[in-house]
Amino acid sequence: MTDCLSALFSLLIFPGFAFLLLCALAFQWIDRLVVARLQGRVGPPWYQPLADLIKLLAKEDVLPTEAHELACAALPMVSLAAVLTAALYIPVGKHSAPSFEGDLIVVLFLLSIPALAYFLAGWLSGSVFSVVGGNRSLLQYFSYEVPFLMALSGPAILSGSWSIAQITAQQSHAPWIVLVQPLGFFLALTGLIGKLKRSPFDIPKAKSEIGAGPLTEFSGRKLALWQLSLHIKTAVGIFLLVDVFLGGASIGLPAPAILVFGIKALLVLLVLSLVDVLYARLRIDQLVNLGWRVLAPLALVQVLVVILIGVG
Amino acid sequence: MSRITIPIGPQHPALKEPLSLLLTAEGERIVESTLRIGYAHRGLERIFQNRNYVQNIHIVERVCGICSHVHTTAYCQGVEALLGLQVPPRALYLRTLLCELERIHSHLLWLGVLAEHIGFTTVFMYTWRDREIVLDIMEELSGGRVAHAVNAIGGVRIDIDSEHIDSILARLDDLERQIDTFLGVVLHEHTFQVRTHAIGRLTAEQARRYCVVGPVARASGIDVDLRRDEPYAVYDQLDFRVIVAHEGDVWARTMVRTMESVESLQMCRQLLRNLPDGPLAVRAPRHVPAGEVISRCEAPRGELVYYIRSDGSDRPARVKVRTPTLPSLAALAEQLQDINTADVPAVLAGVDLCIACADR
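These protein sequences, in sequence, are chains A and B.
Each residue of the first sequence is one higher than the last, beginning at 1 in this note's numbering.
Each residue of the second sequence is one higher than the last, beginning at 313 in this note's numbering.
Here chain B stands alone, though its shape is the one from the complex (with noise of 0.2 Å):
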């Protein structure tokens, strides 16, 4: 049988942000697979070092356009650490707030794009019309619906009265039942089943050897979250599980990101209704005492590692990023291989891959 070239990217309905794919198919079975990346890169971490720490804060913010509030809190923390600083309870619960939500929004935009990828346009507008929820709520904290400007180093810059605590609470009723709607989907749905089921297939061995995190690791049965295995901020004050499923499928990548929109769900809860009193920041010193320092926060898509080194100065030596992303464009070889090109869509999107934050 003939072999005939598909490109997919840098410009390409399937995907939302630029990346190439060369893709060899004969008929219609992948044979080979070429992946080009970089089309997103910004230089962002060499602009790091030209700002300084507080600067930074809105480079960092802008690293990513959807888990952007992750990102500023594993920045900030890492400086807080730099600089010993104890940051107020009460801004650890609304930055923990914050990253949940943004958690619920990245899964509930991420299941509307598998959906449309696989032809679903109805869970596709659904799920993207329940997200302006969880984006209201954001909005109406801190002024922004992506880019939040809630982080600071030594605390936040939002607050929230008990008034405003119960329209959220009421809300996130709302949003219940329809992510509990979007899993019903996923579980009954037979045509879903049949799109997502046994493709871009990873096992744990597999998923351990490309290091993936997140999500897709979970849903190969790997049982990492840091959230529950090194907590940072208030996770270790709140209750919730974390979800592993073994078939390693987009199909179990599904099913975790879904349940975990549900576990964030009860953990803004959670955090709302024991909201404690007190000041919402501490003041920063001026300095920032020479070291280096690493700060770690899970993601909506898993492991995000920030390295700051600081000389001494009022920017930083380096700051180096590690999303999650990457290992997964790494595995991606090994998931388009030997599958039929129409089922590529699903497979990218099942990894949910961020190119913006993985190109910088």
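Chain A on its own, in the form it takes in the complex (with noise of 0.2 Å):
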């Protein structure tokens, strides 16, 4: 009973679905406010992300007669689905995540079903701006995914386990993994951010280019649980960097250890705010250069290293 009970907090309350949309309406909050503030602009109350969340559900919602009704109603579930079910391995603070060998491949793999859900949406929703922004979409998972899956092979390499939480205690008596490889860190945020669709890779979504992309057509409902997705999935994808690289909530002192988790969680969300800031949006090819001729690359390279030096 009580095993039961304790599976059912872990699962709704913590670190379930509502620490983690708690999590992702905060982080989200923080974005707005540390980009407006470095934008000379004074940034919206904490609340905010709550309110537009509200005010979309309660929103009325219309679909063109050309959109394909099911797939636009199931796609945002299956996105957000997809998403919640990732975080379950992810270990936040102390927590101890079901992990088995290789729970590192299955997050990574259900991180990446929102992108095809995404371009689903965009070629479904039955307009023209969506159709062009899934297929960017697309292209762009093409670029981003393979240095991001190769960068966090790294870690796992070093380690010897494919599981996060191994990856992460390990760090507890070792350097953190950003020191021995920065690099693979910096394909890792990169990747990151391209994922997602962060400037200056908001390719899929450029509104001055193409409306909202593939989420064009949404409304309501619908476009809520989008972008209650999105913003989850920013937070898992932080927490999962955080675990492989940053070595979890692992400091060397005496400190609470969701509190040292929450402070990296919030310097990496920093990191991508100034991001954000800093850069005017890449087009396409620009970005599929990018990836394939610089961040893959790159990413083998400190692969190779990892094999070469770190094992042998």
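Be aware that one or more of the hints could be misleading.
Claimed, not checked - Computed Cβ-Cβ distance ranges for the label pairs, DEER-style:
hint : chain 1 : residue 1 : chain 2 : residue 2 : range
1    : A       : ARG221    : B       : ILE316    : 26 to 32 Å
2    : A       : PRO44     : B       : HIS370    : 39 to 45 Å
3    : A       : GLY220    : B       : ASP448    : 39 to 45 Å
4    : A       : PHE142    : B       : LYS632    : 51 to 57 Å
5    : B       : VAL343    : A       : LEU50     : 42 to 48 Å
6    : B       : HIS370    : A       : LEU116    : 56 to 62 Å
7    : B       : GLN323    : A       : LEU57     : 23 to 29 Å
8    : B       : ARG483    : A       : LYS59     : 39 to 45 Å
9    : B       : SER479    : A       : ARG37     : 25 to 31 Å
10   : B       : ILE316    : A       : ALA73     : 22 to 28 Å
11   : A       : PRO45     : B       : LEU347    : 41 to 47 Å
12   : A       : ARG221    : B       : HIS509    : 42 to 48 Å
13   : A       : LEU70     : B       : VAL343    : 33 to 39 Å
As the list claims (entries may be wrong) - In silico DMTMM-like pairs for lysine to aspartate or glutamate, Cα to Cα no more than 20 Å straight-line:
hint : chain 1 : residue 1 : chain 2 : residue 2
14   : A       : LYS207    : A       : ASP52
15   : A       : LYS207    : B       : GLU340
16   : B       : LYS632    : B       : GLU357
17   : A       : LYS207    : A       : ASP285
18   : A       : LYS207    : B       : GLU329
19   : B       : LYS632    : B       : GLU604
To be verified - If we take Cβ atoms under 10 Å as the criterion, some of the chain A residues that face chain B in the derived model are:
hint : residue
20   : VAL35
21   : GLN39
22   : GLY40
23   : ARG41
24   : ARG136
25   : PRO200
26   : ASP202
27   : ILE203
28   : ILE210
29   : ASP276
30   : LEU278
31   : ALA280
32   : LEU282
33   : ARG283
34   : ILE284
35   : GLN286
These are computed hints drawn from the structure, not numbers from a lab.
Even glycine gets a Cβ: it sits at the ideal position worked out from N, Cα and C.
Starting from two chains that each stand alone, build the complex the way the hints lay out.
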């Protein structure tokens, strides 16, 4: 009975749905505030992300007649379900996630489902802008995913384990992997920016070019779910990087685990916000060039270095 | 590869004013574009014929929402020529001051729009924030941020004291520092350059064929500027450079406009420091003699032409406006040919269209 209750608790409250929702909203607020302050604006009050979510949930839900209704209703849920499931295997603070050998790969797979759902949403929602955005999102997926996967395989090879919890645990008595593989961390961060479609890789939803990209025709509840899944993905992606590269909750000092973990996550978020402010949006062909000519070879070098020196 | 038709406008996030572009794209490459204009047509030229010369100043001011002052300057200049009026120098200085402030405000606004179109929100926020410095100065001078109602036939309706001059000069220094920052972004920021280099290119020959004017022409290597070539108001007494670039792409236009803003700033300083004493306006005669006149000004977007014909009554028989946006619209198809769909907003922003002016 207690087992069942604690499982439910971890699924629904911490580190499950409620906690992730809270993180998603908090991260969104911090991100918006930091970006606003850097751009000389005031920024939103703390409850703005929640207010936006509630507003969207309450709004009328319309779709064009050309859109595939079932798919358009299912895809945001698929996307949200995938990121929530991925979050299960990512240790947050001291909380030990249900881990098994190879869960890193499962998480990476689950985190790429939203990208495919996003593409399909563009393709099936019956608008020119969303089709163009969908095509772009797929091209973008092929550009960032390979360097991202290779960058994350570096720590796994070094630790000799494909379990996130194992990789994190090993860093409590060894230097953080970011110190050993700074290049890998950089690539993973770049890949994450591509995954989250943040500036300068906000190509599929470039609003001055193609409206809102694949989500152009979405409104109301469906749009709310899309946005929620994106924001939870932001939190999950950041947690993943903190676990794999920044040693999770370990710091070598007696401090509350969740606090240390939270500070590290906020630092990563801050980097994302800074990048958001600093650059203009790239064009899709420029991103593909960057992905395959620069990021992928660099990732290959990083993996080779790990295999030749780190292990051998 | 299958062709898709992408509609840009009449309402679109990349457009600040209504304009309709139908783009046919193969993948991400534009193969054909069709332009439709006229959504902002208000029949202003007809309205001019139904109002008397003084009432028309008010209407002329509303042709454009950005360069309103240069329109009244061109109009008043024309009517003054018909009347044979000698406008006092202090009035001309103040007129020119407003013209140059307006140019800075227009160019900063434009830089922000371009930045937003290429996804560089930070530059957009900064330019529009710093544009407020100019808008504040203009508001203090005239009472209006956009419509200034400064020009009158025979002079101006505002005055300025020495204390105010000092305060404006101090704020212009702040503004210059900010514009230098933007110049740094244009010159050194890599992502800005890859999004603006080699797109929307017009060669000097093409620019000449389409009669393109203003910064777009100057960015294509055509050295034209009415302020130097045929000085009106007090431009013959000012010391300034005409900025010319040769690449002809969006980046060159950015360079030209940003550096022009610095030149305008210098001109504002000269105008404020050398402001002569004297009356602000002369009294205009009650009747405009029959005749016709062409009045030209260098608006922020290039040469602005007013043709005014008088039949001796209190209303003009014809007022024809030729705005700098018109040739730019004609040259648009050439620039949109064979580019990436992602570059369309940047190209559109690059020519700095003013649809309200062009449609009237």
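Cross-check of the supplied hints:
1. ARG221/A <-> ILE316/B: 26 to 32 Å: holds, 29 Å
2. PRO44/A <-> HIS370/B: 39 to 45 Å: Hint holds: Cβ distance 40 Å, inside 39 to 45 Å.
3. GLY220/A <-> ASP448/B: 39 to 45 Å: Once the Cβ atoms are compared, 41 Å apart, the range 39 to 45 Å for ASP448/B and GLY220/A holds.
4. PHE142/A <-> LYS632/B: 51 to 57 Å: holds, 55 Å
5. VAL343/B <-> LEU50/A: 42 to 48 Å: About 46 Å separates the Cβ atoms of VAL343/B and LEU50/A, which means 42 to 48 Å holds.
6. HIS370/B <-> LEU116/A: 56 to 62 Å: For LEU116/A against HIS370/B, whose Cβ atoms are near 59 Å apart, the range 56 to 62 Å holds.
7. GLN323/B <-> LEU57/A: 23 to 29 Å: About 26 Å separates the Cβ atoms of GLN323/B and LEU57/A, which means 23 to 29 Å holds.
8. ARG483/B <-> LYS59/A: 39 to 45 Å: holds, 44 Å
9. SER479/B <-> ARG37/A: 25 to 31 Å: holds, 28 Å
10. ILE316/B <-> ALA73/A: 22 to 28 Å: holds, 25 Å
11. PRO45/A <-> LEU347/B: 41 to 47 Å: 43 Å Cβ-Cβ, so the 41 to 47 Å window holds.
12. ARG221/A <-> HIS509/B: 42 to 48 Å: holds, 43 Å
13. LEU70/A <-> VAL343/B: 33 to 39 Å: Given a distance of about 35 Å, which is inside 33 to 39 Å, the answer is holds.
14. LYS207/A <-> ASP52/A: holds, 19 Å
15. LYS207/A <-> GLU340/B: holds, 16 Å
16. LYS632/B <-> GLU357/B: holds, 6 Å
17. LYS207/A <-> ASP285/A: This hinted pair holds, its Cα atoms lying about 18 Å apart.
18. LYS207/A <-> GLU329/B: Given pair LYS207/A, GLU329/B holds - Cα atoms ~16 Å apart, limit 20 Å.
19. LYS632/B <-> GLU604/B: holds, 11 Å
20. VAL35: holds, 8 Å
21. GLN39: holds, 4 Å
22. GLY40: holds, 5 Å
23. ARG41: Where the cut-off is 10 Å and the nearest Cβ of chain B is about 6 Å from ARG41/A, the hint holds.
24. ARG136: holds, 8 Å
25. PRO200: With a closest approach of 6 Å, the PRO200/A hint holds.
26. ASP202: Hint on ASP202/A: holds, closest Cβ of chain B at ~6 Å, below 10 Å.
27. ILE203: holds, 7 Å
28. ILE210: holds, 8 Å
29. ASP276: holds, 8 Å
30. LEU278: holds, 7 Å
31. ALA280: It holds, given that the least Cβ distance between ALA280/A and chain B is near 4 Å, below 10 Å.
32. LEU282: Since the shortest Cβ distance to chain B is 6 Å, the answer is holds.
33. ARG283: holds, 5 Å
34. ILE284: holds, 6 Å
35. GLN286: holds, 6 Å
Hint compliance for this structure: every hint is met.
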